[in-house]
Amino acid sequence: MSFLRAFQYRKKDSPIHRLDPRSKFLLSIVLMVFSIVFIDIRVLLAVLVLQIFLLWSAKALKEWVYSLRGLVFFFIIIFFTQLLFGGTFLIGIVLSIRLIVLSSSMSWFFLSSTPEDIGRAMSSARLPIELTFSFVMAIRFIPVIHDEFQSIYDAQRSRGLELEKGGFRTRIRNLMPILIPLLVGTIRRTYEVADAMEVRAFGASPKRTSYKSLKFGRGDYFLCLISVMLVLVIICLKVFFGLE
Amino acid sequence: MVEIIVENLFFKYPDAEKYALKNINFSIRGGESIAILGENGAGKTTLAKNLNGLLKPTKGSVKIDGVDTRSLSVAKIARKIGFVCHNPDHQFFAETVEEEIKFGLKNFGFQENEIEKSLSEVLKTFGLEEYRHRSPFQLSGGEKKRLAIASIIVWRPELLILDEPTIGMDYAQRLNIQNVLKNLVSEGKSIIVITHDVDFAANICNRAIVLSGGEVVGDGCLRKLLSDPEVVNRASLRKPFIIELEEETGFSGIDEDFDSISEYLIKVFHKCHS
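First to last, the protein sequences are chains A and B. Per the numbering used here, the first sequence starts with residue 334, numbered consecutively. Per the numbering used here, the second sequence starts with residue 86, numbered consecutively.
With the rest of the complex left out, here is chain B:
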């Protein structure tokens, strides 16, 4: 479990005149699944980088388990908080997929047998077994993205931050990532997903933090926030498919997952009869 407390966080890039983040306050406890939503340039990635110590607050503080990020090294924070950057090409350097995944484990000083075990587990989860000895540069866009996530998840951080994880992924791969993330949450780990994909967010996240122009315009239950037209408009989003469907049909409270409209209708039907 990891606990993050963000207090009066202001952040300004060295050359900038304006603040990129203004007066941000929230806290994260274990086992949460949070979506950070907002328009382009709202400060989503900047906020994420403040959480894992890549950027340090200009004013205010970010505390991880009670310790200010200013007094921690990025590597130390990374052990607890994994960050998957949005461009996988920014991290690949090894000759094989296998070596790429091992990199983090070696940096954190894992034992050889632990490394082998975690490696084969993660290769299986992400369907990368057949690419094990291939060069990461030869993979397709979606495969690269999966490898990028795998290479972070492998050391099982307490909190995983993913920057735009679904870009360039087809539906099947998206579903796969969705399931992996859901499993993490059910194990008691926390996830933060930065995304424009509201349906993906609605499927895996309970809580949303909505940013606009560097300020938090909404923090709370994802479904409630995204039913509010004002929040949705301010952050240049749209309502998730499920909320639209609920509003159109007048049936709400179908909380379980569904993969197609017919499945949804069957659930509505059962609800009417019970």
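The following block holds chain A by itself, in its conformation from the complex:
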């Protein structure tokens, strides 16, 4: 679960937090493209340095470092498959860095943009409100479900449930007392939220206005400029230098 913390909004005051989510999203996508098209360790490290700078300006380095712990499981899988299929240790490291770059490219965006702002950005892209709203709610409910998971786990442990005990099959069976209440609770909440939304006239008027509107500032244009330049860098590196 610690991995999810890298994508959970933290209320802080930083230059990154004040930017428009649309410009941040653009840069995130460009950074993500880097991690997908390049496997050259120099490029990946350069992008990682840039991401660490962004996370540092968003005052989110602590959360990011914490979330890396959640990725350890994936690192193990990477190294294991490499060893199994005749790869080298070095390739394992490169692929791990690539995974960090890939997840970090989105992490600084989610850590510094409120779910509401992300929703506004989606609406301004003329996505239907049903879709935007569901997406925002999904993000909004991640911490709620996480807390509920913890409460259920505590309740069942108090009844003598031990997850660490037994073989693989027993362990899977032992998960049921946690997963069933969680699932039932989540489904029940869906209905409650739907009712709560309807009593507050969700969908009554087809044209919605919003209290706050997004505005592009100087910083946002700067971020867009950087994004465009980075796209040019990607093309140059690929075409003229032939980097992989």
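Treat each hint with caution, since some may be false.
As the list claims (entries may be wrong) - One-sided excerpt, in silico: chain A residues whose CB lies under 8 Å from chain B: (1) I485; (2) A488; (3) R490; (4) S491; (5) L494; (6) M509; (7) P510; (8) P514; (9) V517; (10) I520.
As the list claims (entries may be wrong) - Some chain B residues judged to face chain A by a derived CB distance under 10 Å, without partners named: (11) G138; (12) L140; (13) C170; (14) N172; (15) F177; (16) S236.
Said to hold, decoys possible - To list a few chain A residues with every Cβ distance to chain B over 12 Å, as calculated: (17) D346; (18) V366; (19) F371; (20) L383; (21) W389; (22) L394; (23) G493; (24) L516; (25) A537.
What the hints contain is simulated information worked out from the structure, not anything from laboratory work. Cβ atoms here follow ideal geometry from the backbone N, Cα and C, with glycine treated the same way.
Starting from the structure of chain A, add chain B where the hints point.
Below, chain B without anything else, positioned relative to chain A:
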């Protein structure tokens, strides 16, 4: 009998800046009935979770029969200290009420005949016999609460901690729970009740631990503590009905239970004449 000693307990949640519990000291011996009172967010549930090992102290220690909770698993502690969490929906998963109650017994490795015996006893005590083969999810709020308590009481822990047991219960059900808890105490078991319901607490508990802002502001005889206006105000409580009545009428020391004002007045009357 179980003995709990809490020494200089400080507790802080991982992400928090402030301590949720500050310098808590007390001990619990067998056969006690304790109410943990305090305003919302005073740290009542956090304290309870520290007692049964769900949370481990940040500083200081909680010792159960002389053993630090840090070196015990929750399951091991649960055998002695039962904890009924406040939301019953957080624990139901089985297909029938019967299976739900058996869950704890199976985890603790009870024998089949013991399981059947304890099950039928507890179903009877809590008036759940007719729901035996129903799904726990189909029960009403009060029934769920009773089932939650039944599913813990069934393995007869030495100490039972109940988090807000009376929420959503009507008067008759409240009385029923009250009697069940009183019986437990008379058998020599201990109970801890976390509640805002001072009348319920006054009816079953002798001792109160009053928390405010993570600190103990009072520990001792429940009636004495709740007659103190300062303690009552600090913990956002009110005086129990019986204490108010005693103060209004000027007759104190009517310690026995009573179910109505007329019954109380009759007792006062008898006291005056004797």
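Cross-check of the supplied hints:
Hint status for I485 (chain A): holds, given a least beta-carbon distance of 5 Å to chain B, under 8 Å. Taking 8 Å as the C-beta cut-off, the interface hint given for A488 (chain A) holds, the closest approach to chain B being about 4 Å. Below 8 Å, beta-carbon pairs count as interface contacts, and R490 (chain A) has one with chain B at about 4 Å; its hint therefore holds. This hint holds: S491 (chain A) has a C-beta 4 Å from the nearest C-beta of chain B, less than the 8 Å allowed.
Interface hint status for L494 (chain A): upheld, as the beta-carbon distance to the closest one in chain B is roughly 6 Å, under 8 Å. Interface restraint check for M509 (chain A): the shortest CB-CB distance to chain B comes to about 6 Å, inside 8 Å, so the restraint holds. For the restraint placing P510 (chain A) at the interface with chain B, the shortest Cβ-Cβ distance is roughly 5 Å, inside the 8 Å limit, so the hint holds. At a threshold of 8 Å, the smallest CB-CB gap from P514 (chain A) to chain B is about 5 Å, leaving the interface hint in force.
Checking V517 (chain A) against chain B: minimum C-beta separation of about 7 Å stays under 8 Å; hint holds. Annotation: I520 (chain A) was flagged as interfacial toward chain B, and the flag is violated, the nearest CB pair being 11 Å apart, outside 8 Å. Restraint check, G138 (chain B) versus chain A: the minimum CB separation of about 9 Å is within 10 Å; hint holds. Of the supplied interface hints, the one on L140 (chain B) holds, with its beta-carbon coming within about 9 Å of a beta-carbon of chain A, less than 10 Å.
For C170 (chain B), the interface hint holds, since its Cβ comes within 10 Å of a Cβ in chain A; the closest pair sits about 5 Å apart. Taking 10 Å as the C-beta cut-off, the interface hint given for N172 (chain B) holds, the closest approach to chain A being about 7 Å. Annotation: F177 (chain B) was flagged as interfacial toward chain A, and the flag holds, the nearest CB pair being 6 Å apart, inside 10 Å. At about 7 Å, the closest approach between the beta carbon of S236 (chain B) and any beta carbon in chain A falls short of 10 Å, and the interface hint on this residue holds.
The claim that D346 (chain A) lies off the interface holds: its Cβ sits roughly 17 Å from the closest Cβ of chain B, which is beyond the 12 Å cut-off. With a least CB separation of 33 Å from chain B, V366 (chain A) remains clear of the 12 Å interface cut-off, as annotated. No beta-carbon of chain B comes within 12 Å of the beta-carbon of F371 (chain A); the shortest separation is about 36 Å. Chain B leaves L383 (chain A) outside its interface by the beta-carbon criterion, the shortest separation being 28 Å against a cut-off of 12 Å.
The claim that W389 (chain A) is not at the interface with chain B holds, since no C-beta of that chain comes within 12 Å of its own (minimum 20 Å). Against chain B, the non-interface label of L394 (chain A) holds: every CB pair exceeds 12 Å, the least being about 16 Å. Not every CB of chain B lies more than 12 Å from the CB of G493 (chain A), the least distance being 3 Å, so the non-interface label is violated. With a least CB separation of 9 Å from chain B, L516 (chain A) falls inside the 12 Å interface cut-off, contrary to its annotation.
Distance to chain B confirms A537 (chain A) as a non-interface residue, since its nearest Cβ pair spans about 32 Å, more than 12 Å.
Hint check: violations occur at hints 10, 23, 24; the rest are consistent with the structure.
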